[in-house]
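2 protein chains.
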Amino acid sequence: MRIIQSAREMQEFSEKIRNGGKKISFVPTMGYLHEGHLHLMREGGKRGECLVVSIYVNPTQFGAGEDFERYPRDLERDSQMAESTGVDVIFCPTNSDMYPAHYQTFVNVEEVTQNLCGLSRSGHFRGVATVCCKLFHIVKPHTAIFGKKDFQQLVAIRRMVEDLNMDIKIVGMPTVREADGLAMSSRNAYLKEDERTAALNLSRSLLLAQKLFNDGQRDAAEILKAVTENLKGIPLLRLEYAKICDTETLKDLPHLGKEAVLAMAVYVGKTRLIDNYVFGEALEI
Amino acid sequence: MRIIQSAREMQEFSEKIRNGGKKISFVPTMGYLHEGHLHLMREGGKRGECLVVSIYVNPTQFGAGEDFERYPRDLERDSQMAESTGVDVIFCPTNSDMYPAHYQTFVNVEEVTQNLCGLSRSGHFRGVATVCCKLFHIVKPHTAIFGKKDFQQLVAIRRMVEDLNMDIKIVGMPTVREADGLAMSSRNAYLKEDERTAALNLSRSLLLAQKLFNDGQRDAAEILKAVTENLKGIPLLRLEYAKICDTETLKDLPHLGKEAVLAMAVYVGKTRLIDNYVFGEALEI
Chain D
250 MRIIQSAREM QEFSEKIRNG GKKISFVPTM GYLHEGHLHL MREGGKRGEC
300 LVVSIYVNPT QFGAGEDFER YPRDLERDSQ MAESTGVDVI FCPTNSDMYP
350 AHYQTFVNVE EVTQNLCGLS RSGHFRGVAT VCCKLFHIVK PHTAIFGKKD
400 FQQLVAIRRM VEDLNMDIKI VGMPTVREAD GLAMSSRNAY LKEDERTAAL
450 NLSRSLLLAQ KLFNDGQRDA AEILKAVTEN LKGIPLLRLE YAKICDTETL
500 KDLPHLGKEA VLAMAVYVGK TRLIDNYVFG EALEI
Chain Z
250 MRIIQSAREM QEFSEKIRNG GKKISFVPTM GYLHEGHLHL MREGGKRGEC
300 LVVSIYVNPT QFGAGEDFER YPRDLERDSQ MAESTGVDVI FCPTNSDMYP
350 AHYQTFVNVE EVTQNLCGLS RSGHFRGVAT VCCKLFHIVK PHTAIFGKKD
400 FQQLVAIRRM VEDLNMDIKI VGMPTVREAD GLAMSSRNAY LKEDERTAAL
450 NLSRSLLLAQ KLFNDGQRDA AEILKAVTEN LKGIPLLRLE YAKICDTETL
500 KDLPHLGKEA VLAMAVYVGK TRLIDNYVFG EALEI
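Sequence lines, in order, name chains D and Z.
All residue numbers for the first sequence refer to my numbering, where the first residue is 250 and numbers rise by one.
All residue numbers for the second sequence refer to my numbering, where the first residue is 250 and numbers rise by one.
If you are wondering where the hints come from, they were derived from the structure by calculation, not from laboratory data.
One or more of the hints may lead you astray.
Chain copies aren't distinguished; within one or between two, either way the pair holds.
Here are the computed lysine-lysine pairs in the DSBU-like style, where the Cα-Cα straight-line distance is at most 35 Å [stated by the list, open to error]: (1) 474 x 418; (2) 474 x 271; (3) 519 x 474; (4) 389 x 272; (5) 272 x 418; (6) 418 x 295; (7) 295 x 265; (8) 397 x 272; (9) 481 x 507; (10) 265 x 492; (11) 481 x 460; (12) 418 x 271; (13) 519 x 492; (14) 265 x 389; (15) 389 x 441; (16) 519 x 500; (17) 474 x 500; (18) 492 x 474; (19) 418 x 389.
Generate coordinates for the entire structure from the input sequences, incorporating the hints supplied.
And the structure:
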């Protein structure tokens, strides 16, 4: 496995791989890898002859007061996990290489980034779209693989790739969960024991929504009412939002006729967690 | 010469050319070709084995009340000129292919687009950056060639390509002028005879600035005063701006120590013309 820091070196490496007729698959991450990431990497391994994983905590997608500084980092551990999962290249650029002085170009995906996390995390998706656009140009993948846990991110990246005519296949993979249902996230490392227990109520809420849906409920307000009631009054928890949206436009959906997703963001102590459930899919908890 | 309308078909064509080990050079245009464009194409022919020219009047770079509808178009004439200049492919997409319903992704180059034309043409450079980003992804060039007549556009595209890590060499070519000095532009077709005569004052102003510079003047305000005086009171002419800027940041420069450009926009009747002079270069009029 190679570890490449320089964007230029990565780009030259990828260009050679492509010119050699090989397919590149790519998993962009912020590191502190967990089983969810490894799942994406294994899928990447199947979809290309050269598997690149980026590890980069991207400053432009963090807002003021968010957890950019304390976001967990452990490149040595990440490297071992990546290597044993068959990764060919880790790309871990520096901030000064990615955003040199006078950096000033940003990609905005305008509509699908308005709702849900876009309501509170101003500028977040601008940062996500911009860094993915940059990483795609550097790594030159044929296929890029994202987790569905970050549902809005996946929708925004798909829109960017389609709108900007990027010749990249975007693959979304199901959320990987702990045995007790908690969606895997690098931010779970922030949780103290009692918070970890309280956090189980996110996936429990999704199960509740699934049950209501399977029982025939199609009124979004009714499902949201039950979900919200379920999360109310639980110590350490504060619901930021729970919404039911069209899976493509991410606009609020009053009635579950079209493909719909229940998406939520919840503070557990000071840790902000997100989770979601696409109605009709099997929620494996 | 091939004419390709579909973005998908163009992209597949280009991917095959690249996989065959050939270099693609690219000249993006809005059509209604003139000698300035042909100049870019001849340069493109030297820099690649496959020369692609796009002809597309991009709606997103025109503001409300600007000349999108009446912008001159003549694909048949353009095709003949391109073919006889050695162009391999004309790419002329449709608006519905470039901007389908729910299109929502835009590229913003923030700083270098603020001054000069950015002061009056709100959204213009957002449209330019976005369409060039799209065209680059579709045509997949190794080299793209732009004219220096649209100086701010060239600076913005260079910044976008560098900031977004696009693996494309951007080449800027000197402005091509009519025998009497008027910078070539498709918009010159709008000019009536008396307007055509009045328009000569743009290049005359550049010559005046060059003379002052060659005589040792380094105070931007003094040069701008002379240029402005020179354009004042001429019937049919209305100066929008004349500014002296740093050639990289496009910020106003009070003193000509660094590389500087004199850029101007002038209305001649209802036609808006731009021209510029990079101090120290030879102005060939």
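The hints, checked one at a time:
In this assembly of identical chains, residue 474 and residue 418 lie within 35 Å of each other by CA distance neither inside one copy nor across copies; the values are 37 Å within and 56 Å between. Neither within a single protomer nor between protomers do residue 474 and residue 271 lie at most 35 Å apart by alpha-carbon distance, with minima of 51 Å and 60 Å respectively. Only within a single protomer do residue 519 and residue 474 lie at most 35 Å apart by alpha-carbon distance; the minimum there is 24 Å, versus 60 Å between protomers. In this homomeric assembly, residue 389 and residue 272 come within 35 Å of each other (Cα to Cα) both inside a single copy, at 10 Å, and across copies, at 17 Å.
Within a single copy, residue 272 and residue 418 get their C-alpha atoms as close as 11 Å, and across copies as close as 24 Å, so both meet the 35 Å cut-off. Proximity of residue 418 and residue 295 under a CA criterion of 35 Å is satisfied in both settings, with 14 Å inside one chain copy and 33 Å between copies. In this assembly of identical chains, the alpha carbons of residue 295 and residue 265 lie at most 35 Å apart whether taken from the same copy (20 Å) or from different copies (23 Å). Proximity of residue 397 to residue 272 under the C-alpha cut-off of 35 Å is restricted to the intra-copy arrangement: shortest distance 23 Å within a copy versus 38 Å between copies.
In this assembly of identical chains, residue 481 and residue 507 lie within 35 Å of each other by CA distance solely inside one copy; the values are 28 Å within and 63 Å between copies. Taking the shortest Cα distances, residue 265 and residue 492 never come within 35 Å of each other, neither inside one copy (45 Å) nor across copies (45 Å). Taking the shortest Cα distances, residue 481 and residue 460 sit within 35 Å of each other inside one copy (19 Å), while across copies they are farther apart (77 Å). Taking the shortest Cα distances, residue 418 and residue 271 sit within 35 Å of each other both inside one copy (15 Å) and across copies (24 Å).
In this homomeric assembly, residue 519 and residue 492 come within 35 Å of each other (Cα to Cα) only inside a single copy, at 21 Å, whereas the closest approach across copies is 51 Å. With identical chains, the CA atoms of residue 265 and residue 389 are at most 35 Å apart both within one copy (10 Å) and between copies (16 Å). When the C-alpha separation of residue 389 and residue 441 is checked against a cutoff of 35 Å, the pair qualifies neither within a copy, at 40 Å, nor between copies, at 49 Å. For the homomeric pair residue 519 and residue 500, the shortest alpha-carbon distance inside one copy (28 Å) is at most 35 Å, but the shortest distance between copies (43 Å) is not.
Taking CA atoms no more than 35 Å apart as the test, residue 474 paired with residue 500 passes inside one copy only; the shortest distance there is 18 Å, against 54 Å between copies. In this assembly of identical chains, residue 492 and residue 474 lie within 35 Å of each other by CA distance solely inside one copy; the values are 10 Å within and 60 Å between copies. Proximity of residue 418 to residue 389 under the C-alpha cut-off of 35 Å is found in both arrangements, the shortest distances being 11 Å within a copy and 16 Å between copies.
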